[in-house]
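As you go down the protein sequences, you meet chains A and B in turn. All residue numbers for the first sequence refer to this note's numbering, where the first residue is 1 and numbers rise by one. All residue numbers for the second sequence refer to this note's numbering, where the first residue is 1 and numbers rise by one.
No false leads were slipped in.
Covered stretches of chain A (in silico footprint by chain B; criterion: 3 or more residues with CB under 8 Å from a CB of chain B, positions within the stretch not fixed):
hint, segment
1, 61–73
2, 85–96
What follows is a set of in silico ranges between Cβ atoms, one per label pair, in the way DEER data are often shown:
hint, chain 1, residue 1, chain 2, residue 2, range
3, A, P54, B, D145, 50 to 56 Å
4, B, M164, A, R59, 56 to 62 Å
5, B, R121, A, A19, 42 to 48 Å
6, A, M1, B, D145, 47 to 53 Å
To give an idea of the interface, some chain A residues facing chain B are shown, with a C-beta separation under 7 Å as derived from the structure:
hint, residue
7, L77
8, A81
9, L150
10, S152
11, N153
12, L155
Think of the hints as simulated: they come from the structure by calculation, not from any bench. Note that the structure is predicted; figures quoted are calculated from it, not measured. From the three backbone atoms N, C-alpha and C, an ideal C-beta is built for every residue, glycine too.
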Amino acid sequence: MRPGQRTALAGAALWAVLAVPAVRHPLESTMTYQMLVQLPLLGAAGWALAQGVPAAIDRRLALWDQSGISGLLLASLAGLAWMLPRAMDASVDEPWVALAKFLSVPLLIGAPVALSWPRAGFVVRGIVLAEVIAMTLRLGWLYLISPQRLCSNYLLGDQQRLGRILIIVGLAILLAVAWKLMWGHSGTGRATGEGSSDARR
Amino acid sequence: MRALRTPLASLAVLAVGLAVLAFATEGFRAFTSESARRIVVSEHPREVPSVALQTAAGERTSFSKLHGRWLLVDFIYTRCETYCLAQGGEFARLQRRLAEPIAAGQVLLVSVSFDPRDGPRELADYQRRFGDRGAGWMAARALDDDGRMALMRAFGVTAVADEMGGFVHNAAINLVDPAGRLVAIRDWDDARGAADYVMQRLAP
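Excised from the complex, chain B in its bound form (with noise of 0.2 Å):
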């Protein structure tokens, strides 16, 4: 019997060890926090709170009151000279992409800002930079610190200082559904696929 423990004692810490790495990496799925939480929302879609928000055009409005439609949203923060530049062009081109449903009232596009320096005219600034058509887009800020937390933290979105003043930040598409909640999340350039996914579910 003796000889047997060390075996034993093996076993039961390989037993252990791989049920916790597996519960770590979503059943070895993912390694990264970023692959794991795009896993973890489209297994167990997730309640967007609502979150007061002031909209470019100075309006107030909040996530609740946006029910009953898809929304594709995205975070950004509008000082951005990096890849978040292609960020608004690739939401300029849902825009066009998605025209049909967003006539019908059945999508909206979203764009947070997590800068608590973007106000409502910075907020203008950054739709018309990107060719804003003028319907379906919303650009927007939560209206305190506190929902500006609530919605990051909802959303799984990291912002990191840079050097340079702006922010590094896992910049994505977000899909919301018409009940409210984070069903699927998107490559930030993958405009096609996001589309695609609301199409699917609108069809009849």
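Just chain A, with the same shape it has in the complex (with noise of 0.2 Å):
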């Protein structure tokens, strides 16, 4: 077994684990779990998933997808619609539309990730990690100061947690990036990966 294979099957396991309800529901039960555990996990799931597409198919969806744009295009609408509040506020409420998240986070975010991130060159991956910082630290500030809470089935303590939390996350993103730059090589895939496991600490 390939080690790419190997890991779509860690991917496959992952997505799996997360679905069942005894781990779906203490992920959904606080705004923070649902969008700094539940679906940063369901991306990696994605990601790990696309290691395992052959590398004829990978050939073939690169004349669709030139310098990685059409792919990101599609992770970062996908995004945009969970970081709806509305959005993580349904997948709670209704199976139809959490079915829809727990197939769009890993098939349209975490996968065209993993599978245009290598193309894109580094204007792309710029205009991209820069999105990303600007919208991480722009969520958490409005989580931060809303008075009101944004989600039905959450507490407003926990939205602002979620705030706090979001803007250490962008932050951290930022440094690391900035650090990249000045003292890292410029090399294939491995900003992202700086970038994520700063997210995580």
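The task is to assemble the complex, starting from two chains supplied on their own in separate frames and drawing on the hints.
Now the structure itself:
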């Protein structure tokens, strides 16, 4: 078995585990867990799944995905949808929205990022990272200062805690990227690896 | 042709993505479930299910028996000690503001408890506490769990347990027309807006 296939299997296992009610419900019990644990793990499952995509298929996809633009655009739009408080709220109440979340986050965010990031050059990566950092900070700031609950299913204190953590995460990614720009060597997909490991800390 | 593939794929992704986002936000107007429910209700009035109720006086009634007049409905729990205290005061104010149509049998205020611990006695205490004037304001609870869930679902009410044994909930004034359809939702502290809405539609 190729290492890529092994990673893909691990991704499928992670995907299945996240869908188990005993795992899913605790992760949806607070806004913080849903946004900072469940959604990133679902994305990671998709990323791992994409490692199993055969090279021949990846090459054919590349024809439609020069510089990774189509795939990263897809991931950004899907990411935008799951940043809506309404979507996070509904994924707790509505089974069909929950299904959409469990399918779209791995397949429309995690997997396209895994396939398109290696194709992306310096400029495209820079734009994506700048937008990720800006969006994380904007969202964190909004959650922190909003006097109203944005999700009917979650408490205000939870929303504010999520806001604080998002601001820290945004600053951490920013620092990691700045560090890499100044002292790192421009290489393959390492910039994301660093960004996300910092985000998880 | 090859060079066009990526722009074409990106355009297709963008078009579908924007369509999905427009659908998810009611045409870029609602980003939270609370604002979405208000827009959806005002554009597509929703039939209120005929759920059996028990009033503070211990009497049985149901939403279908209340048809024929405007209903201003809010969802409460009587142990609430935070801002829903103001909710009760707001309904007492509505009772004064709408005294005329209430006397004419055109309007009824309904406070529905979503807390299974609330019985007729707690509901009566609640109304007394906020200066109920004795006419046109009914406090009630659903008779069973199914009815309670059906009501909360129809009105889009979500109650989350908080750390103090109470609930945090999306309080609002729900307007039900004489045909029994939920047609508008106003902020819980917008008694004036809710009263104006009804008065405009009652005016001959």
